[in-house]
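Number of protein chains: 2
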Amino acid sequence: MKRNVLIIGAGGVAQVVAHKCAQNNDVLGDLHIASRTVSKCDAIIQSVHDKAAMKQDGVFEAHAVDAMDSDAVEALLKKTGAQIVINVGSPFVNMTVLEACIRTGAAYIDTAIHEDPAKICETPPWYANYEWKRREDCAKAGVTAILGAGFDPGMVNAFARFAVDEFMDEVKSIDIVDINAGSHGKYFSTNFDPEINFREFTGTVYSWQEGAWTTNKMFEVGREWDLPVVGKQKAYMSGHDEVHSLAANYPQADIRFWMGFGDHYINVFTVLQNLGLLSEQPVVTAEGLEVVPLKVVKAVLPDPSTLAPNYTGKTCIGDLVKGTKDGQDVEVFVYNIADHKDAYNEVGSQGISYTAGVPPVAMAMLIADGTYDTATMVNVEELDPKPLFSLLDNIGLPTRVKTDNGDFAWDQAKA
Amino acid sequence: MKRNVLIIGAGGVAQVVAHKCAQNNDVLGDLHIASRTVSKCDAIIQSVHDKAAMKQDGVFEAHAVDAMDSDAVEALLKKTGAQIVINVGSPFVNMTVLEACIRTGAAYIDTAIHEDPAKICETPPWYANYEWKRREDCAKAGVTAILGAGFDPGMVNAFARFAVDEFMDEVKSIDIVDINAGSHGKYFSTNFDPEINFREFTGTVYSWQEGAWTTNKMFEVGREWDLPVVGKQKAYMSGHDEVHSLAANYPQADIRFWMGFGDHYINVFTVLQNLGLLSEQPVVTAEGLEVVPLKVVKAVLPDPSTLAPNYTGKTCIGDLVKGTKDGQDVEVFVYNIADHKDAYNEVGSQGISYTAGVPPVAMAMLIADGTYDTATMVNVEELDPKPLFSLLDNIGLPTRVKTDNGDFAWDQAKA
Numbered sequence: 001m002k003r004n005v006l007i008i009g010a011g012g013v014a015q016v017v018a019h020k021c022a023q024n025n026d027v028l029g030d031l032h033i034a035s036r037t038v039s040k041c042d043a044i045i046q047s048v049h050d051k052a053a054m055k056q057d058g059v060f061e062a063h064a065v066d067a068m069d070s071d072a073v074e075a076l077l078k079k080t081g082a083q084i085v086i087n088v089g090s091p092f093v094n095m096t097v098l099e100a101c102i103r104t105g106a107a108y109i110d111t112a113i114h115e116d117p118a119k120i121c122e123t124p125p126w127y128a129n130y131e132w133k134r135r136e137d138c139a140k141a142g143v144t145a146i147l148g149a150g151f152d153p154g155m156v157n158a159f160a161r162f163a164v165d166e167f168m169d170e171v172k173s174i175d176i177v178d179i180n181a182g183s184h185g186k187y188f189s190t191n192f193d194p195e196i197n198f199r200e201f202t203g204t205v206y207s208w209q210e211g212a213w214t215t216n217k218m219f220e221v222g223r224e225w226d227l228p229v230v231g232k233q234k235a236y237m238s239g240h241d242e243v244h245s246l247a248a249n250y251p252q253a254d255i256r257f258w259m260g261f262g263d264h265y266i267n268v269f270t271v272l273q274n275l276g277l278l279s280e281q282p283v284v285t286a287e288g289l290e291v292v293p294l295k296v297v298k299a300v301l302p303d304p305s306t307l308a309p310n311y312t313g314k315t316c317i318g319d320l321v322k323g324t325k326d327g328q329d330v331e332v333f334v335y336n337i338a339d340h341k342d343a344y345n346e347v348g349s350q351g352i353s354y355t356a357g358v359p360p361v362a363m364a365m366l367i368a369d370g371t372y373d374t375a376t377m378v379n380v381e382e383l384d385p386k387p388l389f390s391l392l393d394n395i396g397l398p399t400r401v402k403t404d405n406g407d408f409a410w411d412q413a414k415a
Numbered sequence: 001m002k003r004n005v006l007i008i009g010a011g012g013v014a015q016v017v018a019h020k021c022a023q024n025n026d027v028l029g030d031l032h033i034a035s036r037t038v039s040k041c042d043a044i045i046q047s048v049h050d051k052a053a054m055k056q057d058g059v060f061e062a063h064a065v066d067a068m069d070s071d072a073v074e075a076l077l078k079k080t081g082a083q084i085v086i087n088v089g090s091p092f093v094n095m096t097v098l099e100a101c102i103r104t105g106a107a108y109i110d111t112a113i114h115e116d117p118a119k120i121c122e123t124p125p126w127y128a129n130y131e132w133k134r135r136e137d138c139a140k141a142g143v144t145a146i147l148g149a150g151f152d153p154g155m156v157n158a159f160a161r162f163a164v165d166e167f168m169d170e171v172k173s174i175d176i177v178d179i180n181a182g183s184h185g186k187y188f189s190t191n192f193d194p195e196i197n198f199r200e201f202t203g204t205v206y207s208w209q210e211g212a213w214t215t216n217k218m219f220e221v222g223r224e225w226d227l228p229v230v231g232k233q234k235a236y237m238s239g240h241d242e243v244h245s246l247a248a249n250y251p252q253a254d255i256r257f258w259m260g261f262g263d264h265y266i267n268v269f270t271v272l273q274n275l276g277l278l279s280e281q282p283v284v285t286a287e288g289l290e291v292v293p294l295k296v297v298k299a300v301l302p303d304p305s306t307l308a309p310n311y312t313g314k315t316c317i318g319d320l321v322k323g324t325k326d327g328q329d330v331e332v333f334v335y336n337i338a339d340h341k342d343a344y345n346e347v348g349s350q351g352i353s354y355t356a357g358v359p360p361v362a363m364a365m366l367i368a369d370g371t372y373d374t375a376t377m378v379n380v381e382e383l384d385p386k387p388l389f390s391l392l393d394n395i396g397l398p399t400r401v402k403t404d405n406g407d408f409a410w411d412q413a414k415a
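In the order they appear, the protein sequences are chains H and P.
Take 1 as the starting number for the first sequence in full-length UniProt numbering and just add one per residue.
Take 1 as the starting number for the second sequence in full-length UniProt numbering and just add one per residue.
Here chain H stands alone, though its shape is the one from the complex (with noise of 0.2 Å):
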């Protein structure tokens, strides 16, 4: 049993998770966030109180951290008492927050890989580059860390877990696909940090097949899907987090992400990566200063967080697992479909925060209670996803199966 949250990161997601925890603070105690600067965590702290959203009196309070600083989150952690820690900083933090964790024997949940702000698209698996350096460091000290415990990685790696042991002798390969039918109204915007939006799409786009590691340029593979509630939807195969540790649990199955782009977005994604426009290395201008290019761009673009208030229509994320049941071909669709709008009454946020911000809270609940404290290093699909479908169906993400006999909550399901 470990209780008191600390939350890293004051962005879209962390409203979210802020949000989240306060509905649940009778199971999860008391409730910290910290980012670097400390006024967009007070601002988190004041909408939960202006939803009334904390579910029983208790503690929420505000912290400034680096969180690029592992004595300074050591030290936090000491401070608050927090056993659970839900990491939706920058993905440029996790490896110095975990290494606090480590340290204090705190529960660690985040949402995104680690990146290196110098590099775009390290070499696959990417889990092998940082997080998995520590794994037995957190079985040495019984640290239960989950990681990529958002969406996409997160829940999509659950569904996974899920279409295979529940639908299959044999997998033979699971696609992942997350489209954003909704609409923000402005001419272009991220739905999240552009910088790291848009990062995961200048690389090399990695996918597992036949048993090895594929490389595709970004826009190189797309193909349409009809998918429930959002209809037909172009998508593209992409780089994305799960890959990576789906591609070490299931090394038999082809592993491939799609995510949904419509025209105009890859437009004007081309153009500015043509242009040089989204380099995170710096150029010096004609007047002599240095400049990294990505981040003018970020500064040019809306705020992902002022998108929310006008956001309309919904997502879909699955992943569509085909495998083999008594000799017979199986394919089963395993999915969520979330609403903007609903998001943003219920807790202030666009839904593509929502997805993202949701399942960690749900993780750290688990963790909680004891269900997920695995005491050991772990991606989601290595936990057992039933407790997870059990308590997002009460707390807001359900999961749904469809299959051939038809479209069913997912303890319903018939193959």
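Every clue listed holds true.
Here are some chain P residues pointing at chain H (derived, C-beta under 8 Å):
1. Tyr-187
2. Gly-276
3. Leu-277
4. Ala-299
Computed Cβ-Cβ distance ranges for the label pairs, DEER-style:
5. H:Glu-287 - P:Met-1: 38 to 44 Å
6. H:Phe-92 - P:Ala-52: 53 to 59 Å
7. P:Lys-186 - H:Glu-287: 19 to 25 Å
8. H:Asn-197 - P:Lys-78: 56 to 62 Å
Source of the hints: derived by calculation from the structure; they are not laboratory data.
All residues carry an ideal CB built from backbone N, CA and C; glycine is no exception.
Using the hints, position chain P against chain H.
Relative to the frame of chain H, chain P by itself:
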């Protein structure tokens, strides 16, 4: 009779000006070139010597000068004894260089209207905001100043004057069309300084129609033109310098400027413009760095001076002038065709720089021999165009005229 030339600036157009001055130094006398970065001037002089371009033995010296500082330019004029200034520096330095000419009595030639770096697209007529305010001072001091003496503005002003004088009793419209049908082989590049190039198209499009200033947005009004040599080409009504003097000298005519753009240029421009990346106003990055987006775009684009070696194809720039003669409608197209490869072989620059850089040298030669030594400030359409056309027939930019009766050298044309 004036002699000895000081060239201000060391970009692509200055390169052409330097070569053409060298080829005619028997008329022009000592040559000097000055910019903030003296090494750029040295490189241009070296390229002149590499091509053995000096017609006769003579002086060609490089100098460092801050052209925003009238005292410095004045001192340089006194030191060099230059009596003719060809200003092909940034359009931000026109007024300080002109001031130095007024003080010393040197003749002044430029190729683009003065701009304040912090402002885009001021109130029409643009010349009235800066240059024309010094007209009386030029007249009092007996200073010759020829404004906008490149190709467009410049030759196209002379084309208009020629068409009206030779073929019409009354002029009804002057449509200036600038088509670059060349190819530089890059994904995207501007043909001269991106900062200056984009500034032309981010503001209001002013045209003079039915005796009043008319406003449009860029790319709002487009039409296809069928032109000599380059064929059918799409061009869009754009703001441009010459409209602002021709409207004062031919107020009875509609005056419009049309710039050719391919769909790819328009797409890239539209994306950058809509994202705010063409703004001359600084933004602040998440890291607190203040930076002007347009300067970053400039930093990532190819340096236009690097395009020349691989540039192929031709430009067609001309005036479609309509009016009446003896009660009958009459229409003539006065134009020039230039070739990128020929320009590179002759002076080491592409055709856009060539067309802009040769005319001011012709003006300087006509000041040197007294023909254009007006002792006051003029725009090009206020000068007799015939000596200019005759000279340019010999030094690189022949003028042609297309009428209902055929396509002629300018001095052979029949209406």
